Amino acid sequence: DAMVIQNPRYQVTQFGKPVTLSCSQTLNHNVMYWYQQKSSQAPKLLFHYYDKDFNNEADTPDNFQSRRPNTSFCFLDIRSPGLGDAAMYLCATSRDIREYNEQFFGPGTRLTVL
Amino acid sequence: DQQVKQNSPSLSVQEGRISILNCDYTNSMFDYFLWYKKYPAEGPTFLISISSIKDKNEDGRFTVFLNKSAKHLSLHIVPSQPGDSAVYFCAASGGGTYKYIFGTGTRLKVLA
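Here the protein sequences come in this chain order: A and B.
When the letters of the first sequence are read in order and numbered with this note's numbering, they come out as residues 1 to 114.
When the letters of the second sequence are read in order and numbered with this note's numbering, they come out as residues 1 to 112.
Everything labelled a hint here was simulated from the structure, so no lab data went into it.
All figures in this text were calculated on a predicted structure; none of them were measured in a lab.
There could be a bad hint or two in this list.
On the chain B side, residues computed to face chain A include the following (Cβ under 7 Å) [what the hints assert, rightly or not]:
id, residue
1, N7
2, Y32
3, P40
4, G43
5, F46
6, D55
7, F62
8, F65
9, A112
From the three backbone atoms N, C-alpha and C, an ideal C-beta is built for every residue, glycine too.
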């Protein structure tokens, strides 16, 4: 089955210690998104890649970076995690960004910062 | 400033009855709306969508209604089943962007 995979499902890191979250997709979609979701809040878009073009949301902290080495993989790097970065991180894909497409989500990575 | 609001954090409904989940939005430029369903330990999955050119879209037991003048949409599930117990998110897009703004979700519990 075509799908969106996120690894690890649970990640524990220490305050200030860099961490990388991984997302891969077998859908061959052009667009990959990273969302942050805190408890009882709406998923918040951090950035997206349309093919190789990176698009950062205006209010995404500089602490958050992303890489997309190929169509299938996308990484979220948190350079110096703070306690406020503890959240569920959702990766999603869609076929295109130039029209209304549904987004396909991975199961998420729950990040704990100690 | 929350542009998409789901004011009911939770809802309980008896099996076989209708579930109605509500969503309000503030941006009049939104013209496309989706509902997602999320089970624990899984990512959200797409359920149903509606464009602003319609006021209703139906897919099996699920119907979404859009009231543009009230900036309100609702998801009706009839009849409700225990397997429908999940968190439901509405999302909206428009105004020249195809990015989605999500609501905070409503947790539906269908009681057997």
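So, going through the hints one by one against the coordinates:
Interface restraint check for B/N7: the shortest CB-CB distance to chain A comes to about 13 Å, outside 7 Å, so the restraint is violated. Given hint, B/Y32 at the interface with chain A, holds; its Cβ is 5 Å from that chain's nearest Cβ, closer than 7 Å. For B/P40, the interface hint is violated, since its Cβ never comes within 7 Å of a Cβ in chain A; the closest pair sits about 10 Å apart. Hint status for B/G43 relative to chain A: holds, with the closest Cβ pair at about 3 Å, below 7 Å.
For B/F46, the shortest C-beta to C-beta distance to chain A is roughly 4 Å, which falls under 7 Å, so the interface hint holds. Given hint, B/D55 at the interface with chain A, is violated; its Cβ is 17 Å from that chain's nearest Cβ, farther than 7 Å. A least Cβ separation of about 14 Å between B/F62 and chain A goes past the 7 Å threshold, and the interface hint is therefore violated. Because the closest C-beta pair between B/F65 and chain A is about 18 Å apart, greater than 7 Å, the hint is violated.
Checking B/A112 against chain A: minimum C-beta separation of about 26 Å lies over 7 Å; hint violated.
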